[in-house]
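Chains as they are written, first to last, in the numbering used here: chain A, 231 to 343; chain B, 574 to 687.
Since the hints were made in silico from the structure, they are not lab data. Some hints here could point you the wrong way.
Okay, derived cross-link-like pairs now, DSSO-like style, lysine-lysine, Cα gap no bigger than 30 angstroms in a straight line [stated by the list, open to error]: (1) B:Lys576 <-> A:Lys335; (2) B:Lys626 <-> B:Lys580; (3) B:Lys655 <-> A:Lys272.
Coverage of chain B stretches by chain A, computed from C-beta distances (three or more under 8 angstroms per stretch; other residues unrestricted) [as the list claims (entries may be wrong)]: (4) 617-630; (5) 641-655.
Non-contacting residues of chain B with respect to chain A, defined by C-beta distances greater than 10 angstroms in every case (computed) [as the list claims (entries may be wrong)]: (6) Val587; (7) Glu591; (8) Lys613; (9) Asp658; (10) Leu671.
Glycine is no exception: its CB is placed at the ideal position from the N, C-alpha and C atoms.
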Amino acid sequence: QQKVQQSPESLTVSEGAMASLNCTFSDGTSNNFRWYRQHSAKGLEVLVSIFSDGEKEEGRFTAHLNRANLHVSLHIREPQPSDSAVYLCAVSMGPGTGSKLSFGKGAKLTVSP
Amino acid sequence: DPKIIQKPKYLVAVTGSEKILICEQYLGHNAMYWYRQSAKKPLEFMFSYSYQKLMDNQTASSRFQPQSSKKNHLDLQITALKPDDSATYFCASSQTGLSSYEQYFGPGTRLTVL
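So that you can see chain A by itself, here it is in the shape it has in the complex:
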């Protein structure tokens, strides 16, 4: 069964400084990776999806994937206080295995002014 672990559990950064979050997964055949953001008591907002090794940028959000190391990361450039939220890593398997997403527990990001 897929295990998804995120680190750190919480992170505080100053406004404008880079924020970096990490995610490891257990199944090396996984090939779809997503980062979601969840503001308190609200739904999930997809930030960036990545399907192949390397880097994928969506605005201020950049995901890095290294499947050999079972690792995907999220970097937030110039974070704002409004970016304070819980960030969730989600992993799904490839075609033929359905679209079930396995999530990490989340990382709470606080951006201080």
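Take the given structure of chain A and dock chain B to it, following the hints.
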């Protein structure tokens, strides 16, 4: 306008009772899902439907029954409620059931079972 509507936003139930959680999506998607987020646990996949047919069921208990009366509806009926069922239940949808398509989530229904 919200694209995925979940009703109610908050729900309090007593142990042993039955409740239905409503989900409607207006994204024109063909696949819908239910996930559960319990305290201190990761968001957990429950069901997936594609073209109103069950594709995947990761919920061990038959007390949880999805109901798809229309293409853009996927309700969740929970019977014989237990305090452990207390969680926020999220509905999601995607264009199709293939994993390459984004899943968009609703705002959730927070269920408390006393």
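Hint by hint, work out which the structure violates, then give me just those numbers in ascending order.
Violated hints (numbers, rising): 5, 8 and 10; every other hint is consistent with the structure.
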